[in-house]
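Colleague: Heads up: the protein sequence lines correspond to chains A and B, in order.
Going by the numbering used here, the residue at position 97 of the first sequence is 97; the numbering climbs one at a time, nothing skipped.
Going by the numbering used here, the residue at position 309 of the second sequence is 822; the numbering climbs one at a time, nothing skipped.
Mixed in with the good hints, there may be bad ones.
Heads up, incomplete: computed chain B residues facing chain A, CB under 8 Å, no partners named [as the list claims (entries may be wrong)]: (1) K729; (2) L733; (3) E772; (4) Y776; (5) A780; (6) N818.
No wet-lab data here; the hints were simulated from the structure.
We put the beta carbon where it would ideally sit given N, CA and C, even for glycine.
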Amino acid sequence: MLKRWIGFGVWLLFAACLYFFENNTGTRVVLLCSLLLPFVPVLRKAFFSPDETPEDEPRESLTVRMFTRPEPEETGEIRRYVPGDPVRRIHWKLSAKKDDLLVRETAAGEGVAPGVIPSAAKDLPSGVIPSAAKDLSVNSLQKKRITAVLVAGIIFCVLLLLFLPAAAQSMQGLLNRVFSASEAVNSYRYPRFAVPEGQSVLPAALLLLCAFALLLGIMAVRGSRPMALGIMAACVLFQVYFGLAFPSWVNILLCALFAGWMLRRPVRRKDLAACGVFLLLVTLLTAVFLPGVHADTEAASEKVRDRLTQMAQQITGTVPETPAGETETRHIHTRSLENGDREAETEQEFRLVTVEEEQISMPHWVNWVKMILLLLLSVLLVVLPFTPFLLLNARKKKAWEIRKAFSSEDVSEGIRAIFRQVVLWLEAVCPGSGNHLFREWAGMLPKDMPEGYADRFARCAADFEEAAYSNHPMPEEKRRNALELLKETETALWNISNRKQRFYLKYWMCLRE
Amino acid sequence: MREQLENVLAEVEKVITGKREVIEKILTAMLADGHILLDDVPGVGKTTLALALSRVVGLSFRRVQFTPDVLPSDLTGFSMYNRESGNFVYQPGALNGVNLLLADEINRAASKTQSALLEAMEERQVTVDGQTYDLKSPFLVIATENNVGTAGTQFLPYAQMDRFLVRLSLGYPDYEAQMEMLRNRQGRNPMDEVRCVLTGNELKELQREVRSVTVKDAILDYITRLTMASREHEAVEVGISPRGALFIDRMAKAKAFVEGRDYVTGADIQAVFGDVCAHRVLLKESAGETSVIRVLEDLLKKTENPDRRGLFAGMKTGLKKC
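Put together the whole structure using the sequences plus the hints.
Modeller: If you want it as structure tokens, here you go:
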């Protein structure tokens with residue numbers, strides 16, 4: 001657990017640094033996306049589904065599952081141990097907690113030891129083995145083979161690119177093109193490869209595409225999350241290193257692709273929904289919080305940089321011919337040159353311009369502020385989308401604790417807890433009892449409750465009073481009555497409530513039918 | 514309700530018709546070992562009721578008509594010099610040797626006479642010339658007063674008021690009840706038909722049982738919050754005293770007992786709150802038209818009841834209107 005968090009922290013730091021040093025929209029989109037990626041699979045878990053009892057959900061349900069790969073066939077369901085289940089599958093931690101053997105559910109062919117079937121499958125005539133088990137064995141075998149082939153393909157592509165002269169030259173040409181593209185938008189200078197004129201970049205591009213496709217193929221087969229993250233990181237690094245940003249939509253698409261891969265297999269509808277919500281959030285957040293770099297600031301610093309270069313050149317004495325249509329500063333400068341004491345004047349001007357540049361490029365502490373703000377923002381971005389789910393989870397846990405109190409050893413304690421739940425649910429749907437005693441409330445129940453409900457409620461309220469205010473030992477039967485009332489209340493309320501109230505009941509009050 | 518108490522009620526109802534609720538309250542107060550103040554106009558049967566009760570319960574009964582001339586020594590007794598023996602001999606007063614004292618029109622007596630009752634009511638003893646005499650047990654005072662403001666009356670001192678467990682009023686009987694009453698008294702006196710169904714010792718036994726009724730902390734907390742709120746209420750000059758709080762507790766116990774329970778619930782507190790506290794609260798002059806009853810209802814409405822507090826202590830229940 002700790003390791004995962006540390007890993008994630010490092011990743012955050014890395015992202016923050018990248019953002020700090022390289023500052024264009026595309027990069028930021030990718031960074032943000034990759035920041036949130038590890039959380040995608042968690043979204044499904046965070047959705048509350050009433051058929052899963054919270055008891056069966058291990059506490060890790062809301063942890064970051066970064067850098068971990070689930071066992072491919074595992075579906076995450078937990079059930080009771082049945083003789084014949086492989087010992088390996090026993091969830092020891094949960095079992096210890098529940099004092100009952102619990103095993104992890106497998107997607108297909110549960111209880112079938114994967115190592116045994118392939119050979120058996122060969123020996124037996126087809127149709128004898130249950131199809132599920134067959135699928136499983138074929139799947140895992142095929143997966144391995146396919147992966148091996150794909151890896152070999154990638155290695156082959158890379159080798160070609162490095163050592164086949166034509167491909168290598170084509171690659172260099174491609175790189176030269178990337179350099180020029182970068183230089184066109186940035187002020188970087190790259191050394192060029194010596195490549196013959198008219199060298200086609202097609203072979204290299206094709207090979208690269210091929211390798212990339214093979215990589216995607218591996219991911220599709222194995223569903224490897226670290227690999228998806230790696231590819232994301234590579235995309236980011238490429239954009240950052242060359243200062244070339246893909247358009248935002250391309251990045252978002254990429255992000256969607258990888259988010260898809262990060263999902264657990266087999267993919268469920270809820271996963272997809274969570275993924276969609278996540279992408280939407282990312283898009284919105286980037287659109288709102290990270291607009292592009294200000295064009296005028298860029299232009300101003302560009303101008304100053306030019307002038308600095310010229311100053312430096314003059315000091316060293318290698319003044320190039322002034323082209324026509326120079327800026328005004330240039331004129332002032334030449335005038336001061338004619339006035340003699342050329343060195344001092346120029347020095348002074350140089351200093352002036354340096355000061356000017358510093359003013360434009362903001363003081364240093366701003367960078368630290370930026371850094372902190374960015375960290376805060378990223379943490380916020382990570383936390384915000386999950387707050388509702390965290391809250392829901394807390395509610396769920398609480399509801400479970402309340403339920404636990406129902407079967408408390410002290411019967412009156414149990415009755416109190418049950419009646420409390422009845423009142424809570426009634427209040428969730430109908431106007432509250434205000435400051436009335438509960439026995440009085442029997443006359444104020446909603447009209448649509450089933451016949452005789454008010455009487456049963458009143459009886460139960462009397463039991464509650466006895467449980468709360470007397471020292472009597474309560475008979476078990478009264479607890480049963482209370483439980484029945486609770487069940488009846490649940491059903492009745494569910495029937496009479498509207499959509500909004502049902503939502504509230506189901507998700508906030510954690511009502512089970 | 515217990516059979517014994519049902520019998521008592523039935524017997525008393527032979528004489529006072531249509532007033533079951535008040536009679537029940539009086540009986541409850543008797544079980545709580547408290548004194549009762551009946552506040553009403555003359556002629557609604559206060560004295561008759563007290564007499565009937567004393568007969569039914571088999572208590573020795575004495576009636577004192579309070580007038581401005583009644584002196585403290587009439588109640589507590591006095592020491593008289595006996596010439597033959599040469600020492601002072603104590604002459605018992607009205608309070609001595611009586612279980613049920615009816616102090617009729619108590620607010621017509623002088624303050625000093627009223628004060629003579631203080632020790633008797635609280636400590637159940639009288640002290641004359643340094644000599645303390647215990648009163649008979651059980652000792653109950655049922656006092657009646659005419660509405661304040663009628664000719665020749667004066668306010669009961671606050672300390673005196675505070676010693677009564679409850680203040681009740683009988684009110685006029687309704688049509689049916691009055692018809693019944695008139696019919697019953699044609700040529701016979703229903704008082705003669707009243708039987709004794711409960712002895713004084715049995716009453717004491719019941720009182721002991723009442724004292725053992727369970728009161729959980731949640732209920733005590735409710736009483737405390739109610740009384741404290743009364744002291745802070747904007748319209749109130751003097752709130753409910755700690756003695757008042759004790760009396761609420763006692764009366765609620767008796768109420769629970771009468772209803773056949775051995776534990777006190779929030780409903781018991783609410784039921785007895787008005788009767789026990791109405792005469793303990795003094796309103797400010799600025800309160801204007803507000804009546805004490807209104808203030809007490811307000812207190813009950815605003816103080817969170819123990820049912821809710823016990824269940825939802827420290828959590829927001831999200832009360833909604835829909």
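Colleague: Take the hints in turn and mark each one as holding or not.
Modeller: Verification of the supplied hints:
| no. | hint | result |
| --- | --- | --- |
| 1 | K729 | holds (5 Å) |
| 2 | L733 | violated (11 Å) |
| 3 | E772 | violated (11 Å) |
| 4 | Y776 | holds (3 Å) |
| 5 | A780 | holds (5 Å) |
| 6 | N818 | holds (5 Å) |
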